[in-house]
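Chemist: Sequence:
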Amino acid sequence: SLFGAPRGYWTCMCWDQSPESAFLYLLTEQLVSVSPQLREEAWRGFDALDNPRTGLLAMLESSRGWQQKGPSLESWLTCQLQHWLQAQPLPGPAQVSPLKQLQARALRVLAESPPVLVEPLVSIFQLQDADQSPLLTHVHQLHREGKFKEAALLGMKLKLQPGLDVEKMSIPLLLQDKVNLVERYVAGFPDLQRRLLALLDSWCQPDFDIRVVARQHPQVMSPRLERLSPRALSQQVLSLLERHGLDPALCPNVVTQRRLATLRYLCYKRLVEGSMSQENWTDHVQCLVGQDEWLQEELLRLLASPDNKAAAAQCALDLSLPEERLSAPVATELRRLKLQERAEAPLEDRRDGYYQPPISREDIHFLASWEDLARHEAELLQPGQVVGVDLEWRPSFGTGGRPQVSIMQVAVGGRVFLLDLPLLSQPTGGQASQAFCRLVSQLLSDPSITKLGYGMAGDLRSLGASCPTLAHVEKQLRGGLDLLQVHRQMRIADMPALGRGEARGLRGLSLLVQQVLGRPLDKAQQLSNWDRRPLSEEQLVYAAADAYCLLEVYQTLCREPASFSLSEDLAKSLRPGHSERSGPQELPRLQVAPALAWQVSEAPQVPARAFRVVCDNMLQGLARSLRCLGVDVLALGTDDDHRRAAEVARQEGRIILTSGLPYHKLRAQVGAGRCLSVDCSLKARQQAKAVLKHFNVCVTHADIFSRCQACNCDRYLKVSKDMMRQLVRLGSPQEDAHSTGDKADPSEDLQDAGDAPDEAPRGGYTSHLSCRWLEAADLQSHAPATLANGTRLQLARVPEGVLWRPDLRHFYCCSGCGKVFWEGSHLGRVTSHFSEVLNSAAGSQSRRTPHPTSPFCWPPQASPAFPSPKQVPARPASGPSSSPSSPRDPARQALQARCGGASWG
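Each residue of the sequence shown is one higher than the last, beginning at 1 in the UniProt record's numbering.
Source of the hints: derived by calculation from the structure; they are not laboratory data.
Misleading hints may appear alongside valid ones.
Said to hold, decoys possible - The calculated PhoX-like cross-link candidates involving lysine-lysine, where the alpha carbons are at most 25 Å apart (straight line), are:
id : residue 1 : residue 2
1  : K693      : K683
2  : K523      : K665
3  : K100      : K157
4  : K168      : K157
5  : K269      : K523
6  : K683      : K475
7  : K159      : K100
8  : K269      : K665
The model shown is predicted, which means the values in this text are computed figures rather than measured ones.
Take these sequences, add in the hints, and give me the full structure.
Modeler: Right under this line is the structure:
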């Protein structure tokens, strides 16, 4: 009836207001709840008005409720008008002129608008077509106020990027680790992309200190400099290069540093590890160094060690390095080689001790034409068979971009076929290309053929990137089995027994072959030049062994699953033809055999809070996962030397967790059993489970969240929701909650990489004896968002919507780093992820006696599962120290006094 009132009724009720504004005012005053009927009524009201835009401006100009944080009816009306206009026909020329007259007023409203109204106002008044001068002025004003994200988003909405300084707009966002937003900001503007790339590359100089940039931008609150290490920045630069197809010459620092890292790696593989042949080493180094004098100097420095003078001299001879630039021992050895004119020593027979496929050289077929494919098509596509699939490509050594596949190996019983991709996939649409793509598609899509691989998903993505016709080949896979997933379960189930190969430096498929077949793969040709034609005999044999070993591993696992701590059902579930499998994702999950599962030794059980470790810098995800379970974890920074782990372990009595090559050096510097090599191919949660089982660590429900995942601190303060709103309001000029958006960052969850979540378990119980309420004495008098110990609360990371959640009663803040947590569903997810390592008996006891330092403990009668809202315990009795809503709360009174008696929302 309200919307159906005649036009005269609006005028009488609203005095001198226009009918348009009268409609909106009455709607604002009369309707206080949002319902489906309200939307329909609002749209009918818009239809009845001559110019709803004028009424909207009148309402917004005379009301201030929409400027406050939180939802408002004005904001809802604005959004509804946007949707209504989008459903109307396009305006004619007669309607454009009045709209231009309203744009100046709309810009003044936009200058005071919260982020939620920016997009609707831009759309309603078509501000993207307005004069850019006032728009640019508003963006600059937002930037001066420290609202960097809002300034960038508004510039993107209005397409103002060409008129703004990309460095000025990007640097504060980069310091806040908002790289994704910066990439979106420059998307579609090649010149801005090049300037951003040059900026990031300048930060990758060897002596660059990002802290200097941070000091030049003091208005940036809570900078996350640890995310801006040279390694992380160089990876970001390479990603931008690949994504936008830009010239690598734009980032000389990153390219040079990557080449140097590759050179060091190659020298280690040849001179220290000895796992790369001289021929392959020389080939890669010649292509890498070329005529670059700086890299030549670095190579000479790497060859200067007297311990490797023979190998270094041979390398200098192969690379034709000038003798006068070599060290004296290496130069002497080089002269001896030249005088004797010694031929290269015959290659060492490496077959002893390595896996050899049970086939002859004649059974390895190299297919390079469509005639070759047609000749062997029947063997490759025989229904019901099991085939091993692998790929080889020339290594790029981390210089960016997905590698181009050179060889595809397909092993069948008694034979291996090597498919030459450069010849078979080019030209696109040619006879050979069509025959190759048709054969591969039929092979992968036939569910009766079991396809074996190791890391199949990555291989198929590389195959699709190398051959555009097979771009979606991963989705075509039917009947595939990734032995990498089987291997992971083997290592989790029986870590000590199966980890012997890892102690010898084996990893990946070579480790699996060692564990199942007794001999590892010879990986000497892995890093060879697979683009070279013809391939060497060593390369042909290596490629055949890489694919054929999959068949023998599969047969052994099916025949003796219990010997590898796998379920006896494995042979049935994985036998060809047992089930119609449509893809890898539908394969049956392997189960650990109970009788042979990993069992704890006689060592005493260690409580999680007494277990103290130091994680090497490649295990950041593991560090966060262990902290989530209450373990005391120190983690090395990305730029810390690995030897720092040994120093910390000796000084503080910690266990070293590392991986790969540093393990051997660190193990020798600490006592027996004080260093563990962790499998980096496992996800962080799987690594954490394996470590806890290995050291017999007992984790209870009370241990979860007893430490901050960001800084390892175990002391929290509890903050009422009202006080948190007040703190955010007080800190808004410098650290507005809007500055990080209205939604939590989706990356902040318990993943293998990324930050810990700003979220505590919904319905968690807090022990008020140790996790006390925030008091006035805990805050600095001149800075209400800063604790007395100097820690600034990270209020900018609290989404605005959380502050107004009706079921949320209080927050928690870490006294070490200021990170803010709140009640949510995260505990349920963590409990589910780590259910197999939680000790039910200890967990039951811990729920009766919460850990004193944990702010996220279980209520006395709560079940281990995530409690429903009805199970949330009642709030503690009110009192001066336990109830933040009490009028006597000193912290609340102190903050109110600083605000001049402002209301507590």
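Chemist: Taking 25 Å as the top limit, are the C-alpha atoms of K523 and K665 close enough?
Modeler: 23 Å, holds
Chemist: Would the pair K269 and K665 pass a check requiring their Cα atoms to be no farther apart than 25 Å?
Modeler: At roughly 16 Å apart (the allowed maximum being 25 Å), K665 and K269 satisfy the hint.
Chemist: Is K269 within 25 Å of K523, Cα to Cα?
Modeler: The given pair, whose Cα atoms are some 11 Å apart, holds under the 25 Å limit.
Chemist: For a C-alpha distance cap of 25 Å, please report whether K693 and K683 respect it.
Modeler: Since the Cα atoms of K693 and K683 sit roughly 16 Å apart, the hinted pair holds (cutoff 25 Å).
Chemist: K100 and K157 were given as a pair; does the straight-line alpha-carbon distance stay at or below 25 Å?
Modeler: 18 Å, holds
Chemist: Given the proposed pairing of K683 with K475, does the C-alpha separation stay at or below 25 Å?
Modeler: 24 Å, holds
Chemist: Within a Cα-Cα threshold of 25 Å, do K168 and K157 meet the stated pairing?
Modeler: 18 Å, holds
Chemist: What's the verdict on K159 and K100, does the C-alpha distance respect the 25 Å limit or exceed it?
Modeler: Satisfied, since the Cα-Cα distance of roughly 18 Å is no more than 25 Å.
Figure legend: structure checked against the earlier numbered hints; every hint is met.
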